[in-house]
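S.K.: When you get a sec, could you build the whole thing from the sequences and use the hints?
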Amino acid sequence: MVESPEVQEAVKELHGDVQGVLIKASMVLYKHYMKRNGSKMEKRGLNRNSKSTNETACTLDVDIKQLEDAMTKEHTCEGRRACQDKMLQLRVVRAERERKELQKLKEQIAVTQEQHKKLRNSCLMKVNELLSSFDNSQIAAYQNAICEKERLSKHGEELMQRYANLCKIQDNLKICYDGMLKENICT
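Under this note's numbering, the final residue of the sequence shown carries the number 187; numbering is consecutive throughout.
None of these hints come from the bench; they were simulated from the model.
Any given hint could turn out to be false.
Simulated crosslink set (DSSO-like; lysine-lysine; CA at most 30 Å straight-line) [unchecked claim]:
| id | residue 1 | residue 2 |
| --- | --- | --- |
| 1 | Lys117 | Lys154 |
| 2 | Lys118 | Lys154 |
| 3 | Lys149 | Lys118 |
| 4 | Lys168 | Lys106 |
| 5 | Lys154 | Lys126 |
| 6 | Lys100 | Lys117 |
M.R.: Next up, the structure:
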């Protein structure tokens, strides 16, 4: 599957963000390790009594808790925010691509419709030229019928468009009327 350059760039940035989080986590773990081992080295020189051992144990527990909190915070805040930014960027790129494709299709349809109209008009003109050379009442009636059909089809399209607009207006009025009824019922 070939991915677009935007997707590849977003994946690279996301990979870089993950590497950054891993580096930060390893630094925190190393610092914790050094504190723990450093405190053991210091304890060898001190008198071991129950109070100093308990204090050291407490500070180690706090450090582990702080590490867990830091990792959770790092993961939930920055990681999620970066991921959401990337996903948003990907959605924007995808929507833009779809919009461009849709615009191209609309342009192609418009060109095809225009070509169809031109071809139809040229055919009608050719028929009119051929029929005008004959002096026959049936042919003249047929020619008039074709022109009348063309006029009526255009008029019919206009009427259908007006009808669609009136249906939209009617739907809007129904919605407004229903809203007014609900307000009157509530009050």
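S.K.: Taking the earlier hints as the rules, which of them does this structure contradict?
M.R.: Checked against the structure, no hint fails, so every one of them is satisfied.
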